[in-house]
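Student: Please take these sequences and the hints and turn them into a complete structure.
Protein chains: 2
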Amino acid sequence: MTTTLPGIADIRSAATRLSGLIVETPLIESPDINKRFGGRILFKPETLQRTGSFKFRGAYNKLSSLTDEERSRGVVAFSSGNHAQGVAASARMFGVKAVIAMPADAPAMKIGNVRKMGAEVVPFDRFREDRAAVVRPYVERGMILVPPYDDPAIIAGQGTIGLELMRQAKVLGVSLDAVVIPCGGGGLSSGISIAVKDASPGTSVWAVEPEHFDDTSRSLAKGARVANEPGHASICDALLVAEPGALTFEINRRNLTGGIAVSDDATRQAMRDAMAHLKLVVEPGGCVGLAALTSGKIELTGKCVVVVLSGGNVDFGAYAEIMAAA
Amino acid sequence: MTTTLPGIADIRSAATRLSGLIVETPLIESPDINKRFGGRILFKPETLQRTGSFKFRGAYNKLSSLTDEERSRGVVAFSSGNHAQGVAASARMFGVKAVIAMPADAPAMKIGNVRKMGAEVVPFDRFREDRAAVVRPYVERGMILVPPYDDPAIIAGQGTIGLELMRQAKVLGVSLDAVVIPCGGGGLSSGISIAVKDASPGTSVWAVEPEHFDDTSRSLAKGARVANEPGHASICDALLVAEPGALTFEINRRNLTGGIAVSDDATRQAMRDAMAHLKLVVEPGGCVGLAALTSGKIELTGKCVVVVLSGGNVDFGAYAEIMAAA
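These protein sequence lines map, in sequence, to chains U and R. When we follow our numbering, the leftmost residue of the first sequence carries the number 1, and every step to the right adds one. When we follow our numbering, the leftmost residue of the second sequence carries the number 1, and every step to the right adds one.
You may find that some hints are simply not true.
If several chains are the same, the list does not tell them apart, and a pair holds so long as it fits within one copy or across any two.
[What the hints assert, rightly or not] Heads up, simulated PhoX-like pairs for lysine-lysine below, C-alpha to C-alpha not over 25 Å straight-line: (1) K97 x K303; (2) K303 x K116; (3) K303 x K222; (4) K97 x K35; (5) K35 x K222; (6) K116 x K197.
No lab work stands behind these hints, which were simulated from the structure alone. Here the structure is a predicted model, which is why all the values come from computation and not from measurement.
Tutor: Shown next, in the form of structure tokens:
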């Protein structure tokens, strides 16, 4: 590993680049949810972020870090949809071409949004094709790969959420006991953990994953990267990776208290709770942090905890079905 | 009419009382929605407010304006649900008893939330019983009536939204061409209009109502209060009143450019647009402002317009059905 890990200075620079381009998402709370858990639960809804998820932060920061010459060659990415939208939106803002490899079974809303932002979508079979191989021809042609998580500029961009939430907690006059973050490849949790630990070393940081996709949880427990068993499925399309990133895990290994795996049923219930108590549309992968509060693994009584709601890009039909099952 | 109309000073006082107790709801926008209308549309989501609607602002301000002796007698209100929740939450914060008369066909979520906040719910038949008569025994017993809209302290509380949005627009460096507001009895639109017109006399202010409940629109056109024809229905449970308030209409008559009536189908489509593009759960009555943008009555091309999304308290089943119809 020769790449330098990103640090707090990189996150501060990213925040400056992103200023005025991103929504500073507020902290939202619900008296009902606070009462249920006996603590103060503050939600950071990145569902309200440009492109409907946090991914714009990292993608734009990455594109900003390229030279004009590099950007002029265009960018290429693979993503189930949220990173895709972040890259497509950023590329359009820089006026450069974007090609995105997306699983053919990604939510229609995500594929549609990427196309609407002017990017070329290359569909691939998530179960049979290697996503890296799908983008290789474009990289060989000179286009710049924008990785979904294992990249210092991406991690620093997502980390700006950590700067914001620490500042917002300070304005509220609260000190944070824990921050709870959805985790796929680990870009969001590693980035946020850097900013949180810099400001408040005593705050614990948790990564939350879907059952059977708890590679980061198991890697943290083991102290080394382990992969997921193939052959499983989850409704959390945004969080389905094979194993933790190298950079992201190196950061998470140092900063995270642990990982928590949640069932799809717990995630569905959390989506209904977000609808009823927060009035927020949260996609499955974006809602696992709220689902994790019922796991009993995080101490909540009398505590103050931030839960990141990382995205809200879910199809009407899938969402209606989950809401109707209340 | 002997009651003095509230003014900007009353709204500023209300903002001071509410500071730290309310969510300063952000301005949210969607590139897709901006593109569709050819202007910049900023949404003020009071869906994220304490109790899931703007009503807490007015109710808390009203309870603050009472003497200790008055508050000790308890408060009583009639409401389809959002004002009920605002009054119940405020009464609990002051530690006083609250009795709320609610239509038996109000959304179950609204009735359940009022009960959870410790208020006594007295159901009544919206079609056969006079709501004023239902609360009369409680008022005769000494309890203080908290009216849903036609009261200076209520209007001033709702007006704090106008102060916030003008300040937020200034931070964004935009001048507002129009502000578009859902309208039932007119408390929200009249309160906001005072703050908007004080800061920017050239900004037009619009009230939006459901078809067949466009009493304010028709009253504005006629220059005098007219009532709705009985016998109609609408999904916008929060906006179904018989006629404009006396105080609210007196203010709206001076400040509003006009009123717009929208169909329930347009409101359903607006709810789907809010879900897909804003990731916000908006109840029917809360979403009529977005529905009004397609009416063609408000000039949008190249303009900057704030749309108030006034509440998000909708039952799972009703919401799922509307989302599934996409």
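Student: Compare the structure with each hint and give your call.
Tutor: Here's how the hints hold up against the structure:
1. K97 x K303: For K97 and K303, the Cα distance exceeds 25 Å both inside one copy (47 Å) and across copies (30 Å).
2. K303 x K116: between (43 Å within a copy, 23 Å between copies)
3. K303 x K222: Classified as neither; 28 Å inside a copy, 57 Å across copies.
4. K97 x K35: Between copies, since 20 Å is at most 25 Å while 49 Å is not.
5. K35 x K222: Classified as neither: same-chain Cα gap 35 Å, cross-chain 49 Å, threshold 25 Å.
6. K116 x K197: Intra 38 Å, inter 38 Å, cutoff 25 Å: neither.
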